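For reference, the chains in residue letters:
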Amino acid sequence: MGHYVPHTEPELAEMLAFVGLSSLDELFDTIPEALRLAAGPRPRAGGAERHLDLADGLSEPDTRHELARLAGRNAACGPDLVCFAGGGAYDHEIPTAVTSVAFRSEYVTAYTPYQPEVAQGVLQALFEYQTMVSRITGLAVANASLYDGATACVEAANLVVAAKRRPTIWLSQGLNPRWRETMSTFAVGTGHELVTVDLVDGRTAWPDAAGSGEPAALFVAQPNYLGGLEDVAEARRVADAHGALLVVAFDPVAAGLLHTPGSLGADVVVGEGQPLGTPLSLGGPYLGLFATTLELVRRLPGRLVGETVDAEGTRAYVTTLRTREQDIRRERASSNVCTNQTLIAVVAALQMAWLGTTGLRELAVRCARATRHTRETILAIEGVEPLADVATLREFAVRLPVEPATVIDRMAEEGFLAGIALEEEYGERGLLVAATERRTRAEIDAYAAALEKVVR
Amino acid sequence: MGHYVPHTEPELAEMLAFVGLSSLDELFDTIPEALRLAAGPRPRAGGAERHLDLADGLSEPDTRHELARLAGRNAACGPDLVCFAGGGAYDHEIPTAVTSVAFRSEYVTAYTPYQPEVAQGVLQALFEYQTMVSRITGLAVANASLYDGATACVEAANLVVAAKRRPTIWLSQGLNPRWRETMSTFAVGTGHELVTVDLVDGRTAWPDAAGSGEPAALFVAQPNYLGGLEDVAEARRVADAHGALLVVAFDPVAAGLLHTPGSLGADVVVGEGQPLGTPLSLGGPYLGLFATTLELVRRLPGRLVGETVDAEGTRAYVTTLRTREQDIRRERASSNVCTNQTLIAVVAALQMAWLGTTGLRELAVRCARATRHTRETILAIEGVEPLADVATLREFAVRLPVEPATVIDRMAEEGFLAGIALEEEYGERGLLVAATERRTRAEIDAYAAALEKVVR
Amino acid sequence: MTDVTTDSEVANGASGARGAKPGGRATSIPLMGHDEEPTIFELSSPGRRAWSFRTQDLPEWSAEELVPADQLAPAPVVLAEVSERDLVAHYTRLSHRQYAVDLGAYPLGSCTMKYNPKVCDEAASLPGLADVHPAAPAHLTQGWLELLVALGEGLCEVTGMHDITLQPPAGAAGELTGLLLMRAWHEAQGRQRTKVIIPDSAHGTNPASVTLGGYETVTVKSDERGCVSLAALQEVLDEDVAGIMLTNPNTLGLFEEEIAEIAAAVHEVGGLLYYDGANLNAILGVTRPGDMGFDIVHMNLHKTFAVPHGGGGPGAGPVAVSPRLAPYLPGPKPVRGADGVYGWAQPERSIGRVHGWHGNALALARAYAYLIANGGDGLRSIAEAAVLNANWIRHALRGSYDIPFDRPCMHECVVSATTLKKTKGVKALDVAKRLLEEGFHSPTVYFPLIVDEALMIEPTETESPQTVAALAEALVRIADGASPADAEAPRVNAVRRVDEARAARQLVPTFDARQEATPSPSPSPPSGAEQGAEELKAVGSI
Amino acid sequence: MTDVTTDSEVANGASGARGAKPGGRATSIPLMGHDEEPTIFELSSPGRRAWSFRTQDLPEWSAEELVPADQLAPAPVVLAEVSERDLVAHYTRLSHRQYAVDLGAYPLGSCTMKYNPKVCDEAASLPGLADVHPAAPAHLTQGWLELLVALGEGLCEVTGMHDITLQPPAGAAGELTGLLLMRAWHEAQGRQRTKVIIPDSAHGTNPASVTLGGYETVTVKSDERGCVSLAALQEVLDEDVAGIMLTNPNTLGLFEEEIAEIAAAVHEVGGLLYYDGANLNAILGVTRPGDMGFDIVHMNLHKTFAVPHGGGGPGAGPVAVSPRLAPYLPGPKPVRGADGVYGWAQPERSIGRVHGWHGNALALARAYAYLIANGGDGLRSIAEAAVLNANWIRHALRGSYDIPFDRPCMHECVVSATTLKKTKGVKALDVAKRLLEEGFHSPTVYFPLIVDEALMIEPTETESPQTVAALAEALVRIADGASPADAEAPRVNAVRRVDEARAARQLVPTFDARQEATPSPSPSPPSGAEQGAEELKAVGSI
Ligand SMILES: Cc1ncc(COP(=O)(O)O)c(C=O)c1O
Ligand SMILES: Cc1ncc(COP(=O)(O)O)c(C=O)c1O
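For the protein sequence lines, the chains are A, B, C and D, in the order given. The working numbering applies: residue 1 is where the first sequence begins, and numbers increase by one. The working numbering applies: residue 457 is where the second sequence begins, and numbers increase by one. The working numbering applies: residue 913 is where the third sequence begins, and numbers increase by one. The working numbering applies: residue 1455 is where the fourth sequence begins, and numbers increase by one.
These are computed hints drawn from the structure, not numbers from a lab. Heads up, a few of these hints could be off.
Claimed, not checked - Covered by chain C, per the in silico footprint, the following chain A stretches (three or more residues, Cβ under 8 Å):
{"hint": "1", "segment": "75-87"}
{"hint": "2", "segment": "105-112"}
Said to hold, decoys possible - Facing chain A, a subset of chain D residues (Cβ under 8 Å, in silico):
{"hint": "3", "residue": "L1485"}
{"hint": "4", "residue": "S1499"}
{"hint": "5", "residue": "D1540"}
{"hint": "6", "residue": "V1573"}
{"hint": "7", "residue": "A1638"}
{"hint": "8", "residue": "G1853"}
{"hint": "9", "residue": "I1857"}
Keep in mind that this is a model prediction, so the values were computed, not measured. The beta-carbon is built from N, C-alpha and C at its ideal position, and this holds for glycine as well.
Given the sequences, and given the hints that come with them, work out the whole structure.
Pasting the structure below:
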């Protein structure tokens, strides 16, 4: 049997006898013969029987070697590359304390807490997570996680359209372009109309009106994709003028310095929770943050944990308002999400607890300092210009004298992940640069020196 | 306050007030002024006050960077060097399953199980460890660990001298020379006389008699330091002839193939448990294995866990025969050992459970195969000769045509840790070579090719 | 004694009583007692901290210098302020209040809670995989791309499909992706289809995804054998049907024997077949959805490929398709170039991306480790043992529980407590709670919906015969001793039965809402009555 | 139901009863019940396996071909045979039956059970440290050598000493090393000394080490202030005295104020002063043994420098010495050459090695991480908070417990249950067991031996004021409510009070001995009566 199947031959025989069978193959007698693959060892070249065309299993050490070989073919941030790339995925400090506790096997190998009596650990951690997300977004309710920032936007779109019964949504061009693309993909099914509102001077220039009817909501990113700080209060005013809801895509690190979107009137806040303790991971698993007002809670997608008591009055936690969910309401559910990103939410809760009030601010300040120093240093390089004249926080966009893709490749040779090449829609030869609290003056200065060489 | 002191300023003030003090310094009023260092920030250059001459604390990420920098200055087995060194420290497979469970924080951050009611985890793991050590040594009782192989020998010496009331011990020259040196160090305190018995043709040539009186015990290593298989039954006969006890230093991996020392009549078995799941670690923490007969149990050094019941008759475990221990018997204790290597014993228990009956044999067989192939391949190199003509298992000694130290250095440049240079006492230009189950034919052949180049 | 206490401690009232205890007291871990664990907020003390950052050596610009005045928050967001010590202790204590696969059996039908080999954890934590930026150019991520391509090929082989997207981060996301592929394909054929057929035994995500895919759900009833009836299917099949979503084995753990005929019938009207891969564990190396005639297949790698569930995620839900659907797959897709160099490519008529980056990559790395460690031979043995365990337990439970469809099952078996309820007043839910007292997680209950008082038991292949026997024995003992007192269960666990109704009625979704414990917001759908009934039904469902 | 059972399961009798349960049943974890956990041997099934080795591609020589016939064991040693799944589950369940610092406070006096920062765990698991062969030549291990040298220098600075050996793997090993240094030094001076003085409050390892060092222990009584009386000391000081072993603060948590005078007196007769560093946590950055006049100092890095205790080890017990003893230190010693290149050197008149390699190196790496993370400033704040916490609790317990030496203490305070025992029949041991019910580990009891019904409480600096208050409150509550029923405690933990006497009487040291449960072997020392008495005293001691 395979590595992870415990049954010994005598046990198999005994069990088969108990169920009245004499071979493992007979277990599959209900499967029509024509559909069945053959059991037993794969026939060497040209055998007649149909088998999976997969190599035989590797031993564990061989498996490890293979994975290590693959890992060795990547340039990782840290030893290989000093990271100045962001665009929704940031190189933040992840303390050992957070990882070692969050990845305890009770959290890792549990299922969705369907039996609350033996799942208080995950439930309480999620309740605390919800509280923290509620606080950093400034809204009363947060769910227990969604897949990532992009799909959180998709869920927000579904929510606002259902709440407003209007199919149109205005999307700031400052919303992450990959998130907008994801929204477009899903809008085909739901029939939403997505209208992009351009950035002007690095900020969203909300129109008085735009095609096809009043919007259900405005979506704005804070900071936006180019790193610019948006005027959320202004967005709220525009939304009000249209009787629309306001959805803010918020960077949780920004919560260390900026007004919470909730305090500025946002109805829904979404975000990418990766900066809260999750490594870059080629983009996943990440964490979709989702918060909203109490008024909209019945439309909340995904799971929600609530406090209650047990039969003896002891404080306890349980998933609640479950009638929103697909397993109960099926085709009328507020969302189809079932498996979410619980473990990443637990990580984020630990990371936020590790940061605390002062740490969250300190984190944001340190990111902002590194970003400002990077910005000032590279703007001093001839031919490097700001892409937009807007206040930034932890990321900024520049126009380069050379193709960004080329710059990124050559900077990699110098030991830097230089940033992200910007989409054409934002203008020519744009590079998006982020510097986190992990970047030191020495690294930034070396980066600037390398960039100067490369763009020359 | 330091990173790991939770007290806030107001809390400190409140607590000080409660104990009737007004400053932290006053806490140390019982310490004579002349002996006190000054509090507060270190005076910059030339300040008058006495402070610790230590840098201020680093942040956690800075600490991590510093440790990573140091780690980066070592050539590690694995990515940097393919390991053919042994000599009591072997490069064995350590499965993730073992490490991840043994290093759960309940095991890592517990103390010695003084309150058995809340320490059944560690106690039962040790009970299982004792059982496994008892089985692989073939003796009825094993303790719950000692520091390492060397100090286990020291404890064995103390035991046999006390049991026999004879101060003399015969040590096979095949016992690890570092272990013999450690025994000599401690023999100065206990007044034992250690008599070394030479190897002839790679095996201990037990004399009919040797200076200064009858020995309390014979110590023989199986396999011995040069990798040779000793005749333990013969050692037993010699011991009997002298009315002496027999102590066998046994490699746990050898238990996969060889007779257990207990089955051949050993009274005490000691050993180095590192091969059971512990990384090379520059030599520590390792694990001293120690087993003996029921007759000698009252002289057992270190802790012993026994099975018992709780007040309701439920099976439970507890440290037992504690009157042997230093905290009770003080100067009359069987040993001074208090803190031992519990966590490493837990690791070893997991590793032995991971191996199981078939795995332990398979491990030994695979080591032996790799060793034989290595031996055959390098003995084919001109000028490389066997140091002794004796059957070996997982390690062997050769005589090189060049200085071993030079060979080791040059082989490191080729990506191999070639082995261990043997002490002069074993003959000239000796190299000790070990190949574990991790070594493949490709690695061994590359090693031989490199060696051929290097000794040419 | 002084009053070194936190605010919240005061709020909690006198300690000594059962309740959340402050500080390093561990009465909340079952080893030490049965108290509540305080929230992290109740452990907070202003000014305390765990955080620590790298020395940057940068100008120490203040918040005011860094942020325009109108953007700067007047005060920082208040979070818990704890030491690393309390942080670690709190979440370690919580972990002792949590059941998990690594502690024991978890026979939760449909969820495939098997043991996840630790070697896969190691794969996911390799810095060379974990510390790679998703926007790094392809030539810097050849290892990742090679892994993704190889995983995709392996999964296509296992399912008998042609091409694949690894982007969907969970099963439901895979379903919706599949439905959008279906839609794109039909549209490319110039067809406007409106309906998707789903059996009444289907998982709730299926109909929910159908709605989001812009289709209408048409439910087809299962027949007396627990399978899709070809006749009933024929009745609803017409030119408006975009496709059918099936899982095979279905949620009763039964193989749809007429699958070839079903496929033919659906294809006949121009519809597509979607395979819900939640139950793939049963057929690894035994039969393949592609060979059965399916056009679109999603996999739950967190079920079949040993990605641990993480308390509810993250998972991964790749979608594999037949050749005609390949051009529509989401992009960018990892591909191997003719020169052996890997890169990203956009399928010709891609529906676009369904994830912000490339899906749950580290979960995919785990699955890849699992795939190569098992290999073709290992995968089949998984199915064999999983199916054997389920049948064994079905046999063992005969006589103690109703077995609505008592014929050879695949990897799970559904039994019912109908008779128990009638004769002893003991419901499926009570059996579930009693099982918690017996040291097992309970099976899935009240699903599939077509079985009354359903208990859906999936032992999985990683449970030994001894464990399966112990589970069966416990279930038999529960049935034998069933009494109204079982409504009191569980009695030996960390908390007693939890008041789910109150949680919904009096919503406390955050620590901050605790004080003001709001009655649940009202007049949004569903209506009160419906709500109550459904909330009740929700208990213990999946 | 069939009989798929292991032998041992049968031996265990009918399941269903309380007892060790087979398979993946988790009633042994307190979350799920209060059963025993079966041993790994009872989970074993012949032929099952977890192991997996690398593909070697070597000739498949058989055991018979590899080993001479007379050496080959007729059959392999029988070990447990389990799946990885059962292996992981079993030891994960056992971990739920274990209290630990990471779960809550552990105020075990003398043991310094403080929180160990997780960053140090990471240090110990870096492959560049963990995967280094101890015999690798110095030029391949420069990082390790640099670390060891820097750690040694830092520890010398902290203790005010001149040079150091890092070899001793624990405190007791450090003690013996120190005594051998003492002996070597005296011998080099041409003196034969025979006695070592130890206060009656000393830890048992001190006298045990003295014996092994070849000396005789002379006990000196503590005075009414709990300290070494200079007068009593003078009485035993003579030319036979090799030295004195002290811990300062002593085991009562009191600072020996006359230490300078003691040092002078001992030096006067040519003796040396040995510092037992178990209590170093109290004086970090505040005062230094070297400045007090000590010649030899051992440190318990597993107490003061946050090496976790691991359930009883491994630790590390470096020994630092004054200049005149440096030439005798064990070797090889890590050294920095003039050229900045590191290497190993043998001290001139080295006593030889005291460890098979270089000591518990990975524990030393943890300690180094802790040292540089705290730095000089951080170390002092550790002492301050540790001492403040202890004094706070001393004040809080006044009125509830006897406080034999009620004056300012250092990092721990010793209280006594003498009055409680007299008035309510509640012993220190009962208080300890009651505290387990309150969610705390108990203090050290019955140590130091000079205090009747001693409870030795060391909160450490990592416990917050809230935790210290909760601990005090629990202790006060226990004293207030003390009653003979406390002899029943603990009642809410995984097991009830454990029968220690039976364990010794009827020795079962292995699973294999279980069946034949041997009455304890007899006629070796100590004699029966002594044994019984001492066994009783042993309960709960350290
Ligand atoms: C039959 C079935 N289909 C679909 C799903 C949905 O998968 P996921 O939870 O990954 O979204 C599940 C999982 O719960 C399931 O059991
Ligand atoms: C005062 C004192 N001295 C010495 C020791 C012995 O140290 P170790 O247990 O590390 O051998 C201890 C530890 O228990 C102690 O508390």
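- Item | Residue hint D:S1499, partner chain A, criterion CB-CB below 8 Å | holds, 6 Å
- Restraint satisfaction for D:A1638 [CB to CB of chain A, less than 8 Å]: Result: violated, 42 Å to nearest chain A Cβ.
- Hint status (Cβ of D:L1485 to nearest Cβ of chain A, threshold 8 Å): holds, 6 Å
- Item | Given coverage of the segment 75-87 of chain A by chain C, checked by CB-CB distance under 8 Å (3 or more) | With 9 residues close enough to chain C, the hint holds.
- Task: Go check the segment 105-112 of chain A versus chain C for me, would you? Three or more residues, Cβ under 8 Å, otherwise it fails.
- Result: Since 8 is at least three, the answer is holds.
- Would you check whether D:G1853 satisfies its interface hint, that is, whether its CB is within less than 8 Å of any CB in chain A? Given a least distance of 33 Å, the restraint on D:G1853 is violated.
- Message: Restraint: D:I1857 near chain A, CB-CB cut 8 Å. Satisfied or not?
- Response: With a minimum Cβ separation of about 36 Å from chain A (threshold 8 Å), the hint on D:I1857 is violated.
- Have a go at the D:D1540 hint: is there a Cβ in chain A nearer than 8 Å to its own Cβ? Hint on D:D1540: holds, closest Cβ of chain A at ~7 Å, below 8 Å.
- Query: Is the hint on D:V1573 kept, meaning its closest Cβ partner in chain A is under 8 Å away?
  - Reply: holds, 5 Å
Of the hints listed earlier, those the structure fails to meet are numbers 7, 8 and 9, in rising order.
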